[in-house]
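> These protein sequences, in sequence, are chains A and B. Start counting the first sequence at 1; every next residue gets the next number (the working numbering). Start counting the second sequence at 1001; every next residue gets the next number (the working numbering).
The reader is advised that the hints may include incorrect statements.
[To be verified] In silico lysine-lysine, DSS-like type, Cα no more than 25 Å apart, as pairs:
1) 1009/B <-> 70/A
2) 1062/B <-> 1044/B
3) 70/A <-> 56/A
4) 70/A <-> 51/A
5) 36/A <-> 1027/B
6) 1044/B <-> 1020/B
7) 36/A <-> 70/A
8) 1083/B <-> 36/A
9) 1062/B <-> 1027/B
10) 1062/B <-> 1020/B
11) 1009/B <-> 36/A
[As the list claims (entries may be wrong)] Computed footprint of chain B on chain A, listed as stretches where at least three residues anywhere in the stretch have a Cβ under 8 Å from a Cβ of chain B:
12) 11-23
13) 43-54
The hints are simulated quantities; they were obtained by calculation from the structure and are not laboratory data. The beta-carbon is built from N, C-alpha and C at its ideal position, and this holds for glycine as well.
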Amino acid sequence: GQQVMQIPQYQHVQEGEDFTTYCNSSTTLSNIQWYKQRPGGHPVFLIQLVKSGEVKKQKRLTFQFGEAKKNSSLHITATQTTDVGTYFCAGCGRGAQKLVFGQGTRLTINP
Amino acid sequence: GEEVAQTPKHLVRGEGQKAKLYCAPIKGHSYVFWYQQVLKNEFKFLISFQNENVFDETGMPKERFSAKCLPNSPCSLEIQATKLEDSAVYFCASSQSGGQGNQPQHFGDGTRLSIL
Chain A
1 GQQVMQIPQY
11 QHVQEGEDFT
21 TYCNSSTTLS
31 NIQWYKQRPG
41 GHPVFLIQLV
51 KSGEVKKQKR
61 LTFQFGEAKK
71 NSSLHITATQ
81 TTDVGTYFCA
91 GCGRGAQKLV
101 FGQGTRLTIN
111 P
Chain B
1001 GEEVAQTPKH
1011 LVRGEGQKAK
1021 LYCAPIKGHS
1031 YVFWYQQVLK
1041 NEFKFLISFQ
1051 NENVFDETGM
1061 PKERFSAKCL
1071 PNSPCSLEIQ
1081 ATKLEDSAVY
1091 FCASSQSGGQ
1101 GNQPQHFGDG
1111 TRLSIL
């Protein structure tokens, strides 16, 4: 079945440094979504990418969808302590009927 | 309502007992999803509903887990004869029509199930 791998599993940075998490699917995706889960909280939808090679920005966050629609990345510029949490990608395979979540990347920040 | 409401927030059961969790999706959302999140943060899909109909149950351990979404009632997830390995946070999410995988999912706060 469809698998979504996410790396790294953990990332610790100094405040102000950049952060990137990568997501790779075993199959071509129709779309990919990104979620953020704060410690002790629930996942919150950030964005959805649909088109091959799509790039979307939300303030300091940049989301990319690969040309082959099998990988995606989330890049945060100049991290702030409010960025702490676990970032999940979730992909929907072509013709599939559900989202498959990656394992998440847990981001911690040294102020 | 405007939020997915899950109850209870925390549920403690002895091994072998039954556990029942509830979820009220956002009004107007047609799809409901149940996920299990264990300590490693990995989300395991359990089951989804389209209104009151099971849409996808490929993630359900069928021998002990069951779920329902009945009209005018909260959805429920029930675990019979609980095991220690069932300890996890169970999240419910809902999405609008067309939510097979191309609509944002709105998550509740989760129910933390502790099996002793």
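> Among the hints numbered above, which are violated by the structure, and what are their numbers in rising order?
1, 8, 9 and 12
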